[in-house]
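Visitor: What follows is the residue order along each chain.
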Amino acid sequence: MSDRKRVYGPSVSVPPYFEEPEQPVFTRTRDVDRCRKIYLKLGWATKAVGSSYFESEKIKIACTVSGPRPSKTFAFRSSAKLNCEFRLSPFSTSVRQGHVQTVEEKSYSQMIEAAISPSILLHLYPKSSIDVYIQVIESDGALATLAAAISCASSAIADANIDCIDLVTGSSVLFNPNTDEYWIDPDYVDERARAAKGSVVMGYMASLGHVTQVWERGTCSPSRLSFLTEKCIKNAKDTRLVINHALLLEKSKSEDP
Amino acid sequence: MAEVEEKGLLSYYFPGERIPDSIISQDGSIRLGPGLVFQKKDREEEIVVSKAGRLHQTGKNAMLIDSRTKRYIPATNDQVIGQIISRFAEGYRVDIGSAHIAQLNALAFENVTRKSRPNLNVGSLVYARVSLADRDMEPELECFDATTGKAAGYGELKNGYMITGLSLSHCRKLILPKNTLLQTLGSYIPFEIAVGMNGRVWVNSENLSTTVLICTAIRNCEFMSDEEQIKYCKDLIKKL
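Note that the protein sequences, when read in sequence, are chains A and B. Just so it is clear: in the first sequence, position 197 is 197 by UniProt numbering, and no numbers are missing. Just so it is clear: in the second sequence, position 202 is 202 by UniProt numbering, and no numbers are missing.
Think of the hints as simulated: they come from the structure by calculation, not from any bench. There may be inaccurate statements among the hints.
In silico lysine-lysine, DSS-like type, Cα no more than 30 Å apart, as pairs [said to hold, decoys possible]:
1. A/47 <-> B/238
2. A/106 <-> A/234
3. A/41 <-> A/237
4. B/158 <-> B/173
5. A/41 <-> B/158
6. A/47 <-> A/58
7. A/106 <-> A/237
8. B/150 <-> A/47
9. A/5 <-> A/47
Pair ranges (Cβ atoms, derived) [claimed, not checked]:
10. A/114 <-> B/88: 37 to 43 Å
11. A/58 <-> B/162: 41 to 47 Å
12. A/248 <-> B/148: 42 to 48 Å
13. A/36 <-> B/85: 43 to 49 Å
14. A/138 <-> B/123: 22 to 28 Å
15. A/104 <-> B/164: 38 to 44 Å
16. B/134 <-> A/176: 53 to 59 Å
17. B/22 <-> A/248: 19 to 25 Å
18. A/181 <-> B/29: 54 to 60 Å
19. A/36 <-> B/62: 58 to 64 Å
20. A/34 <-> B/132: 24 to 30 Å
21. B/29 <-> A/102: 34 to 40 Å
22. B/212 <-> A/93: 46 to 52 Å
23. A/238 <-> B/158: 40 to 46 Å
Yeah, the Cβ is synthetic: ideal placement off N, Cα and C, and Gly gets one too.
The whole structure should be built from the sequences, with the hints applied where relevant.
Guide: Given below as structure tokens:
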């Protein structure tokens, strides 16, 4: 006996046919040394202590900072604990993701935490915890998104007026180990279309001239790595100018005209 | 607070930037306020900015970075408005908007003995002075003047309305003796006000409509010049 509550399809039906998606074609119009244009807005979240919104063409990241607040653990800490939570929205990548934080997101959280923690004067906030929440609204390449998240988190910390010795800016470069080719600030198409198996992501403190963290993947000679690092540093310095300008716009509001 | 202005020198600083030697007075010691840290690097001593903001010199040898922040860090002798969140045997736990809850001793009031303690309920507002502010300990409050032992305006704030979420720089301007906004409002409306250095302001007046008017004026006049504040206050009072 047929189920009366179920609506059956037509008796004559054809399964849908989907065309195979084409392989991404390299469409980079900007120069290999040029990074994407950046838009940065601070203080967008009124309820958070500090917040920033970072946009770089397709990359869109929102970050909020809460704290310093009393640590949840009762053990005494002489300095504050920095907690980073990096999350990709389900719709942020080309392949839809789940809501639960993945292993990749957790590793990115640790990487961002390692990159920005040297800049913060954590010893000034004992028994406290500082929480940084990074939400990727749209991603365009894993490397560039990670670098953008570092810059976004650091600018949100500056907006929160948490004492820091400098601001950390992220920078990324993709390179081909077999040739002299490299691409600053690679997007998703760059990562897929190019036969590039090497990458460098860096956190850099521009005022002090200190590198906080470097992640290098792929075979690379020391001289080549030094060259790529210099390129990353130059890009990070340019990003720092954008953060400075955004801070100036946000913080100088309170000054008398 | 005198703003530092020198030829070819920007008074706005970002984290990581060094304070030039030309600004620092060479005679005697220097007192560093919030936003500045002392560092030793390669046998050289330097003052580095740790918060984005404008550099101010509060005295001959005192400097600080004035930034638009809403998060309060307790400092000794600051006047704060707190809300009692719980009671315990020896006193009260008070929320002053800092990272840690402050403690207010039941005997830290004017002319109080063990038998005549003030009865403050949870949710009550108090205007107090920070007596102890150590980064390793919880802040402690007192509701009397340390020099005279008198209440001097400190104590429970009854009735009225508390404004929260103001920037600390705005509160510092409001607490100045010759504040244009409060003087203009005071010439038209009688009211009581308690300004806390923790971004909270308590206002009380004869009726609710004037209290709301004063609160609106305080909230909206943060980024106005003195002339604009006077004009804005007069426009508000006309609407009463």
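Visitor: Against this structure, judge whether each hint is valid.
Guide: Now for the hints, and whether the structure bears them out:
This hinted pair does not check out: residue 47 of chain A and residue 238 of chain B have alpha carbons roughly 33 Å apart, beyond 30 Å. As the CA atoms of residue 106 of chain A and residue 234 of chain A are separated by approximately 28 Å, the hinted pair is consistent with the 30 Å bound. Straight-line distance between C-alpha atoms of residue 41 of chain A and residue 237 of chain A comes to about 18 Å, which keeps the hinted pair within the 30 Å bound. Pair hint residue 158 of chain B plus residue 173 of chain B holds up; C-alpha atoms about 24 Å apart against a cutoff of 30 Å.
Restraint check for residue 41 of chain A and residue 158 of chain B: not satisfied, since their Cα atoms lie roughly 41 Å apart, outside the 30 Å limit. As the CA atoms of residue 47 of chain A and residue 58 of chain A are separated by approximately 27 Å, the hinted pair is consistent with the 30 Å bound. Straight-line distance between C-alpha atoms of residue 106 of chain A and residue 237 of chain A comes to about 27 Å, which keeps the hinted pair within the 30 Å bound. Restraint check for residue 150 of chain B and residue 47 of chain A: the C-alpha separation of about 38 Å exceeds 30 Å, so the hint is violated.
Pair hint residue 5 of chain A plus residue 47 of chain A does not hold up; C-alpha atoms about 49 Å apart against a cutoff of 30 Å. Remark: the range hint 37 to 43 Å for residue 114 of chain A to residue 88 of chain B is upheld by a beta-carbon distance near 41 Å. Taken as a hint, the range 41 to 47 Å holds for the pair residue 58 of chain A and residue 162 of chain B, whose Cβ atoms sit roughly 45 Å apart. For the hinted restraint 42 to 48 Å between residue 248 of chain A and residue 148 of chain B, the CB-CB distance of approximately 44 Å keeps it satisfied.
The beta-carbon spacing between residue 36 of chain A and residue 85 of chain B, approximately 48 Å, falls within the hinted interval of 43 to 49 Å. The given range of 22 to 28 Å is broken by residue 138 of chain A and residue 123 of chain B, whose C-beta atoms sit roughly 44 Å from each other. One distance hint, 38 to 44 Å for the beta-carbon pair residue 104 of chain A and residue 164 of chain B, holds here, with the actual separation near 40 Å. The supplied range of 53 to 59 Å is met by residue 134 of chain B and residue 176 of chain A, whose beta-carbon atoms lie about 56 Å from each other.
At about 22 Å, the beta-carbon gap between residue 22 of chain B and residue 248 of chain A stays in the expected band of 19 to 25 Å. Against the hinted window of 54 to 60 Å, the Cβ-Cβ separation of residue 181 of chain A and residue 29 of chain B comes to about 56 Å, which satisfies the hint. Against the hinted window of 58 to 64 Å, the Cβ-Cβ separation of residue 36 of chain A and residue 62 of chain B comes to about 44 Å, which falls outside the hint. A hinted range of 24 to 30 Å for the beta carbons of residue 34 of chain A and residue 132 of chain B is inconsistent with their spacing of about 55 Å.
As the Cβ distance of residue 29 of chain B to residue 102 of chain A is approximately 53 Å, the hint placing it in 34 to 40 Å is violated. At about 49 Å, the beta-carbon gap between residue 212 of chain B and residue 93 of chain A stays in the expected band of 46 to 52 Å. Distance hint for residue 238 of chain A and residue 158 of chain B: a CB-CB separation of about 57 Å, inconsistent with the stated range 40 to 46 Å.
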